[in-house]
Every structure is written in C-alpha cells, then in structure tokens.
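Visitor: Here is how the chains run, residue by residue.
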Amino acid sequence: MSAPRPEALRRPRGLWSDALRRLVQNKGATVGGIVFLLIVAAAISAPRLAPDNPIGLNVSESLTPPGPQHWLGTDQFGRDILSRIIYGARVSAAMGFVAVTISVAGGSVLGLLSGYYRGTVDLAIMRVVDVMLAFPGILLALVIIAVLGPALGSAMVAVGVSGMPVFIRVVRAATLSVREFQYVEAARVAGCGDLRIVFRHVLPNVSAPVIVLVTLGIPGAIISGAALSFLGLGVRPPTPDWGAMLSDGRSFMSTAWWLSTFPGLAIVVIVMAINLFGDGLRDALDPRLKL
Amino acid sequence: MLKYVQRRVVLAVPTIVLTSMVVFLMLFLIPGDPASIYIGEQTATPERLAQIRHVMGLDRPLYVQYADFAWLALHGDLGRSLQTNRPVTVEIMSRFPNTLELAVAAMAVAMVLGFSLGLISALRRSSLVDTLAMMVALFGVSVPVFWLALLLIMLFSVRLGWLPATSEPGLRGLILPTVSLALLSAATFARLMRSSMLEVLRLEYLTTARAKGLHGAVVVFRHALPNAVIPVITAMGLQFGSLLSGAVLTETIFARPGLGKLVVDSIQNKDLPTVQGVILVIAVVYVAMNLLVDLSYAFIDPRIRFE
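Taken in sequence, the protein lines are chains D and G.
So in our numbering, spot 200 of the first sequence is number 200, and the numbers just go up one at a time.
Count along the second sequence from 1, add 291, and you get the number used in our numbering.
One chain only, chain D, in its complex shape:
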C-alpha cells in the first residue's frame, strides 16, 4: 500500500471553498437560495411571465375572485393580481439590493475609517451612530422621508441609511482587530499608504461578517420598503408594489380577501427564503459568528 501523497493530505482549502461546501450541505439554505433566485428571475422576466398588463384598467372584471381566468383574482380596477405581484417583485428586489448597497457602502467606509484611525475620527463617527440608533426601526426612515418627500427613491435612501449603523459597528469592530495583525504592519513598512492598506489589506479581511449582514439585511430592507409603501410614503400608484397592494386591499377586506392576502404571502416567501439562506451562510462562514 503506497503512502498518501503529501499534497493530497494538505490540499489547501480556503475559507470560501469550505464555506461553500457547508452551505450546499445545509438544506434550508439551499432551498432558500433557490426560491430567492427564482423570484429574482421572475422579476427580471416579468414582461414575458406576467399573464396580463399590471397597470391596465379593466373595470368590467373588477374584484374577480381567484379562478382559471385570473389565478389570484383581480383588484378593484380589474387588474390581474398575479401580474401585479410578478411586477411588484421588481420593486421589492430593487429595494432590497439598492437599500442594502447604500447601507454596505456607507457603513463599510465609515466603519473602516472609525476602526483604522481610531481617536477623534472614531469618536465622531460613533456619536453619529448613537444618534442614528436613537431613532428606532422605521423612524429614522420616516425622518429622511419627511425631509426628501415621499417617493420610491427617497424610500430606498431612507431604508439604506437607516440600515447603516449595524454595518458601521460590525466593520469597525472587525477593523479594530485586523489592524493589529502583522501583515498590516508589514504593508505599512513596505510603504503602503493608508488608503491602500484600508482597502487592499483590511477590507478583504473584514468581508465575511459583512456578507452575512448583507444577506440578513436584504429581507429587513424589503419589509421596511413595503412598510413605507403601505403607509403611502414609498412607491406612488399605479406602480405595482407589494406593500401598496396590501394597503389598497384594506378597503376590501370583507368582500375580497385575495387583494391583501397574496401580496403579503409574496413578502413572507421572499423574506423567509433569504432568511433561511442568510442563516445558512452565517453558519457556513463562521459557526461561532453570532449576529
């Protein structure tokens, strides 16, 4: 029997390939990931997939219950609910991605600066975070909307900015420990500038918790965006949006249950899918990580 080759014994497996292996083994995460991808695919191919025009009025068919003609029924203007839900996925997905991108970009830069420079910069940024956190939940978003005026764009900015504090804190904490490592010192000795050290050496090493936060942040952003539209402070009619559809359905709760039931179900499905995936990703990247 020949001895195993040394390179087979020590086959290098990085953080990411290990994580991917663990992720694929997690059934919940796999199902969540697939469902989420399917919803994104449906949002992208909405014009081909939707059976009807999502904003075309057809009063003669108003408030039709679910049936063979309209699988999920129609609303008070005779618009097909299924088509509006498929198109609404675009707004929700865009809300999730844009808002979280704003949170990540702003949060990472501020967190890196805070953790890397420490001192006065850190103190100032942390006070800003304290103030942001003093407005609980959707309230900071409401402050921003009160300033920018109700619209989809303002809602995205509002949700994105209010999601920033958690990214700032996590990136700062990770940066504080990474900056003490010897390779950072080596880079400094080699003559790297601060910017290069922060973005080339520190950032890649604080990315694992950030990626987990992103996946867990998207469902929160989708719910907040839908909540703002539900309150009439986000998407303007007639753009199909799940939150706004729910709000429209409130007036017809006793006669047409399908109006507010299906858009809500759509929100629950996408949020649960991403939560399952995010939980799996967290366990895969670092089983000890608790966020």
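Derived by calculation from the structure, the hints in this document are not laboratory data.
Worth double-checking, as some hints may not be accurate.
[To be verified] Covered by chain G, according to a simulated footprint, are these stretches of chain D (three or more residues, beta-carbon under 8 Å):
| id | stretch |
| --- | --- |
| 1 | 216-227 |
| 2 | 248-257 |
| 3 | 266-278 |
Just so you know, even glycine gets a beta-carbon here, dropped at the ideal spot from N, CA and C.
Let chain D serve as the given structure and place chain G on it in line with the hints.
Guide: For chain G alone, coordinates are given in the frame of chain D:
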C-alpha cells in the same frame, strides 16, 4: 455601581442633544423656504415671508435658533400643530398613553411567548417540539407586521366577528393590535433564548449541579436560566424600539390614535412641527429605555459593574 450608573447617564446626554439637533435641522434640510414650510403656506408673498421669518426668529443665526428650540423643548413647548393649531405637546400627551399601553402589552406578550418557546426548544433540542417552535419563530421574523394585522382582522373581525377591527377603548380593542405587534419580538426572543440557553446548558457548573443530584427543574430555573437570560435582556431594549416603530404600522391599520399614527399623518399633511415633536419624544423615550436596560443589565450581571 453608582459610578457605572453615572457614566451611563452622562453618555446618554450627548446622544439626546445630538438627536435634538438632527430633529431641529429637519426644517432646514427640507427643500424650500423654512418660513413657508413652517406656516404651511406655499404661496405667500416675499414680504409676508420676510415678516414671518422675523416673527418666528428664522432670521437669527442657526445656533441661536437651536438654543431657543432646545430651551423651549425642555420646557415642554414644541410649537403648534399646523393641522389643528393646538400645541404639539398637547397632541403628543393625548396620544402617548395609547402607544405606551400598546407597546407595554406587546412586550409582555412577546416576553411570555418568546421566553417559553425558546426555553422549551432548548430543553427539547432537536425534537419535534423544537423544530415546530423554531419554524414558528422563523415565520415570526419573516412576516410583516402590517400583513399579520390584516390577516388577524380578516379572521377575527370580518369572518368570526369576535373582536373589533378598529381600536376601541378597553381590553377587547387592544387584543388584535397587541398580538400582531408582539409576534416579531416574541420570535426574536425565542431564537435568542434558545441559543443562549443551549450555550449555558453545556457549561460545567451545570454538570456539577446535576452530578450532586439536584432536581432537573432546579438546575434549569435556579442555575441555568439566570445566566441564559442576560443576552435576552440586552435585546429587550432594542425590541422596545422595534415595538415603538412597529406601533407606527399597527396604529395606522387599527386606526388607533397613538404617536405612530400621529407621525404618519403629520408627514402626509406636511405638518413639520408635529413630526419634529413626535420624533424627538420617541427618540428620548427610546434612549431612556435603553439606559434603563443597560442599568438593569449591570444589576443582574455583577461582571458588568465591576468592569
């Protein structure tokens, strides 16, 4: 302990001052002339605007205006509502009890439900009960509060006719808003409680407790629970905030005259003084609440106050 309390209280002060600055600056960040925003008149003549600016003190330096705003706010004067022309403080005080009642009721339900679900899950790890409880918890963190509220209204008000769909004084009117608001926090508590309890149950002092023959219930409730509950208590402060902001949605749905509904209505009606007032009050209450949680945390866990 006293030193710890002092330090925490002193740290909360700059947060409240900076928060009040942000709320004050909202007026100047909104596009348009502050004077016309403040009076809600969009078509005033330049002379009239200049006059209003002078009367309202908007022509003074910004820091003087802020000092004025802060001084008046400290004395309970937050200006007048543009809609009702009543003092904002009166509007807030008449609605605050409604929001507080809802938030406290929801917190109580969330704690009882979340703590027991989490505890049972941890003690019966990997059993059917654990799986079911955690599925309920996952549903709880994924379901939007406004949809849950609508479903509850459709079932219990429209179909069964058991409970009112809109807010009415008394316990009956409080049940549906409380349940829909509490579920998210209950689910968060359940997940936290489960993971924290599982961690504590692995520790050696519990093996010792069991080894010396203590009854299972004593081990769980006297030895494990006090340690497992610490991270959950930290989460309570944050959850109270999410209840306050969730009240914005629940109050709107159940037409409950509370602070949440007031702020949404005021944003829609461009009633800036009311928006500023409500947001300032909620932020101060929230900061105070977190301070209390921090202090109680130190009271429960001696390691904190001797740090």
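Visitor: Of all the hints given earlier, name the ones this structure violates by number, lowest first.
Guide: none
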